[in-house]
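Those protein sequence lines, which keep their order, are chains A and B. Position 292 of the first sequence, counted from 1, bears residue number 292 in the working numbering, the numbering being contiguous throughout. Position 296 of the second sequence, counted from 1, bears residue number 296 in the working numbering, the numbering being contiguous throughout.
Honestly, the hints are just simulated from the structure, not real lab data. Note that the structure is a prediction, hence the values are computed from the model and not measured. Where hints are given, some of them may not hold.
Dumping the calculated DSSO-like pairs for lysine-lysine here, alpha-carbon to alpha-carbon at most 30 angstroms [what the hints assert, rightly or not]:
1. A:Lys6 with A:Lys33
2. B:Lys57 with B:Lys85
3. B:Lys145 with B:Lys273
4. A:Lys145 with A:Lys254
5. A:Lys303 with B:Lys3
6. A:Lys254 with A:Lys242
7. A:Lys57 with A:Lys303
8. A:Lys33 with B:Lys6
9. B:Lys273 with B:Lys251
10. B:Lys57 with A:Lys6
11. B:Lys303 with B:Lys85
12. B:Lys6 with A:Lys57
13. A:Lys145 with A:Lys273
14. A:Lys273 with A:Lys242
15. A:Lys3 with B:Lys33
16. A:Lys85 with A:Lys33
17. A:Lys254 with A:Lys273
18. A:Lys3 with B:Lys57
19. A:Lys33 with B:Lys57
20. A:Lys3 with B:Lys303
21. B:Lys3 with A:Lys33
22. B:Lys6 with A:Lys85
23. A:Lys6 with B:Lys85
24. B:Lys251 with B:Lys145
25. A:Lys273 with A:Lys251
26. B:Lys251 with A:Lys3
27. B:Lys3 with A:Lys85
28. A:Lys57 with B:Lys3
29. A:Lys6 with B:Lys33
30. B:Lys303 with B:Lys242
31. B:Lys273 with B:Lys242
32. A:Lys85 with A:Lys57
33. A:Lys85 with A:Lys303
34. B:Lys57 with B:Lys303
Here chain B is said to cover these stretches of chain A; the calculated rule only asks that three of the stretch's residues, wherever they fall, bring their Cβ under 8 angstroms from a Cβ of chain B [unchecked claim]:
35. 90 to 104
36. 178 to 189
37. 215 to 226
Ideal Cβ placement from N, Cα and C applies to all residues, glycine included.
Each chain, written out:
Protein chains: 2
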Amino acid sequence: MHKLPKLSERYIDPNTYPPGVAYMDGQYLTMDKASISVLDYGFLHSDATYDVVHVWKGAFFRLEDHLNRFFRGMDLLHMSIPYDKEQVTEILHNCVALSRLQNSYVEFICTRGTSPDFSRDPRNAINRFIAFAIPFGSVANQEQKERGLHIAITDTVRIPPPSVDPTIKNYHWLDLVKGLYTAYDQGAETALLLDSNGNIAEGPGFNIFATRDGVVSTPEFGVLRGITRQTIFDLCDAMHIKCVERDISPKELKEADEVFITSTAGGVMPVSKIDDMPIGEGSVGILSNRINEAYWQMHENAKNRIAINYPIINEVVD
Amino acid sequence: MHKLPKLSERYIDPNTYPPGVAYMDGQYLTMDKASISVLDYGFLHSDATYDVVHVWKGAFFRLEDHLNRFFRGMDLLHMSIPYDKEQVTEILHNCVALSRLQNSYVEFICTRGTSPDFSRDPRNAINRFIAFAIPFGSVANQEQKERGLHIAITDTVRIPPPSVDPTIKNYHWLDLVKGLYTAYDQGAETALLLDSNGNIAEGPGFNIFATRDGVVSTPEFGVLRGITRQTIFDLCDAMHIKCVERDISPKELKEADEVFITSTAGGVMPVSKIDDMPIGEGSVGILSNRINEAYWQMHENAKNRIAINYPIINEVVD
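With the sequences and hints as input, model every part of the structure.
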């Protein structure tokens, strides 16, 4: 009989993680120390909901909208946490302040958790709240923002609403990841998935918008109600641009004057090629540019901002 | 300005976990120490595949089939691990041996992992392998096994194949969890989901079988190719019972002579009520009983077994 290995005292994770600060069970931790049990049903069943708010130039943007969506999602999934919106705000604030990040991607999660007797009944599980602040990230890099993203329309169907409610922000991404690999194979940089009727749905982490003759459109069915998507409606309203939710076919999308995507991770990002065909002039469109500028300007408006109180340099934080 | 909390030295998890042993990154760990980064895309995007083999009376059952399905799933998801099937076998063996569990539920997982620069491109991620052995669990408890499970047919649609390939075992369970809550509301103990054509698909962690006039049927479309499901085909073949894969409507299922479910977690488990109506006599059927007995008998056959070499009591394991 071969010799058995011995048990380790504790797990040493050989991987490296970005800077940032997480919150779990009353503890604030650097990202390399933030880990969840492999038995948490948030992992084993992807039984979780979450939200991501960004911090820009030292302030949260539209935090209340993200909190409302997160608490709605927990309700619909029969989950609860021992914190109200004010307490979650304080936790998120502390993660960002301790991280000292001026621009940050702040994710907060509720998982089903585990039950003390490892029951398979989700009603017996103790739900778990996790939050973390890491450096701000973007779906598009600087070069892509300047020349527009190259997107492929794939034949993968976004998980439809009769299976999983897309308005509850969730981690079911295998369809999106499959779309990404298909897009890479076609020489594109990201992917669009279809809805179950063959119209355009959304991509990995973003909503999509098309403009035609000055009218802005975005898919209505089977997509996440993105906060950045909502911000586009608000901006178009203020700018007296018509903006509608409706079905958009792949053909229509390719014939648009301009196309752009929206995400908390990056804001408003232009698309210049779809399935290797140029959109409009094949460069960043005028309307896309105007909306993008208005989006970042909105970040200066006090009513959209909750400022972070960072620790003073060299302040003792104990 | 309020005082900021301080960072903790390391995370202390207040939850309790079952006995058992996990493997991660060359380390064998008790279950309370087995945790993954909250940034792992296996969690944040449920970008993972897995398998579960069981150990019964000190031996793996049909391990090769589980390994084949697991390696196939990784290939299709563009994932790889630095271990071949023989090495994975050794790791699983060691987890069980160190846990000393005679009957065990042994899960092995490949997650997308994270990339060193936290890129959003899945091609940049370092895939992660995790395995663990915990006590054997069952979808049905002892009472339910004796009197048959009470199941509700819900209107939730199992995530369809054009979105996520159900033959790649995955953690996308929000549809199944939704079905469970609907079933509980209706006084049932577990749920059945429909396929996208309105026929019966599967339930949370199990395949379903119906018998009528001595013929055994199970859904073909949109379901996991369960190893226990395959075992039923093999058993029926050996017992000269006709067993077919085909569409089964909810009406047909309710009119079956007998219904049973199959899962690595519990084997063959009878169903006595669907939507509060008795199936057949409303008790465990004769054919279900025969198949169940044959299933456990198969565990005695040397060709299905790989024995665990447990440490001798008081043996020093270093």
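Going down the list of hints, with the structure as the test:
1. A:Lys6 with A:Lys33: holds, 23 angstroms
2. B:Lys57 with B:Lys85: holds, 23 angstroms
3. B:Lys145 with B:Lys273: holds, 13 angstroms
4. A:Lys145 with A:Lys254: holds, 19 angstroms
5. A:Lys303 with B:Lys3: Holds, because 25 angstroms separates the two Cα atoms, which is no more than 30 angstroms.
6. A:Lys254 with A:Lys242: Satisfied, since the Cα-Cα distance of roughly 20 angstroms is no more than 30 angstroms.
7. A:Lys57 with A:Lys303: Holds: Lys57 (chain A) and Lys303 (chain A) sit about 15 angstroms apart, inside 30 angstroms.
8. A:Lys33 with B:Lys6: Within the cut-off at roughly 14 angstroms; holds.
9. B:Lys273 with B:Lys251: holds, 13 angstroms
10. B:Lys57 with A:Lys6: OK: Lys57 (chain B) and Lys6 (chain A) at ~23 angstroms, within 30 angstroms.
11. B:Lys303 with B:Lys85: Holds. Lys303 (chain B) to Lys85 (chain B) sits at ~18 angstroms (cutoff 30 angstroms).
12. B:Lys6 with A:Lys57: It holds: about 23 angstroms lies between the C-alpha atoms, which stays within 30 angstroms.
13. A:Lys145 with A:Lys273: Cα-Cα ~13 angstroms, so holds.
14. A:Lys273 with A:Lys242: Since the Cα atoms of Lys273 (chain A) and Lys242 (chain A) sit roughly 24 angstroms apart, the hinted pair holds (cutoff 30 angstroms).
15. A:Lys3 with B:Lys33: holds, 23 angstroms
16. A:Lys85 with A:Lys33: holds, 25 angstroms
17. A:Lys254 with A:Lys273: Given that 30 angstroms is the threshold and the Cα spacing comes to 9 angstroms, the pair holds.
18. A:Lys3 with B:Lys57: OK: Lys3 (chain A) and Lys57 (chain B) at ~21 angstroms, within 30 angstroms.
19. A:Lys33 with B:Lys57: With a Cα-Cα distance of about 38 angstroms, the restraint between Lys33 (chain A) and Lys57 (chain B) is violated, given a limit of 30 angstroms.
20. A:Lys3 with B:Lys303: Holds, at about 25 angstroms.
21. B:Lys3 with A:Lys33: Given that 30 angstroms is the threshold and the Cα spacing comes to 23 angstroms, the pair holds.
22. B:Lys6 with A:Lys85: holds, 22 angstroms
23. A:Lys6 with B:Lys85: Measuring from Cα to Cα gives roughly 22 angstroms; hence the hint holds.
24. B:Lys251 with B:Lys145: holds, 24 angstroms
25. A:Lys273 with A:Lys251: Roughly 13 angstroms separates the two Cα atoms, so the pair holds.
26. B:Lys251 with A:Lys3: violated, 56 angstroms
27. B:Lys3 with A:Lys85: Roughly 20 angstroms between the alpha carbons, so the hint for Lys3 (chain B) and Lys85 (chain A) holds.
28. A:Lys57 with B:Lys3: With Cα atoms ~21 angstroms apart, Lys57 (chain A) and Lys3 (chain B) stay inside 30 angstroms; holds.
29. A:Lys6 with B:Lys33: Between Lys6 (chain A) and Lys33 (chain B) the Cα gap is close to 14 angstroms, so the pair holds against 30 angstroms.
30. B:Lys303 with B:Lys242: holds, 24 angstroms
31. B:Lys273 with B:Lys242: holds, 24 angstroms
32. A:Lys85 with A:Lys57: holds, 23 angstroms
33. A:Lys85 with A:Lys303: Roughly 18 angstroms separates the two Cα atoms, so the pair holds.
34. B:Lys57 with B:Lys303: holds, 15 angstroms
35. 90 to 104: holds (count 3)
36. 178 to 189: With 4 residues closer than 8 angstroms to chain B, the segment 178 to 189 of chain A meets the three-residue bar; holds.
37. 215 to 226: violated (count 0)
In summary, the numbered hints that this structure violates are 19, 26 and 37.
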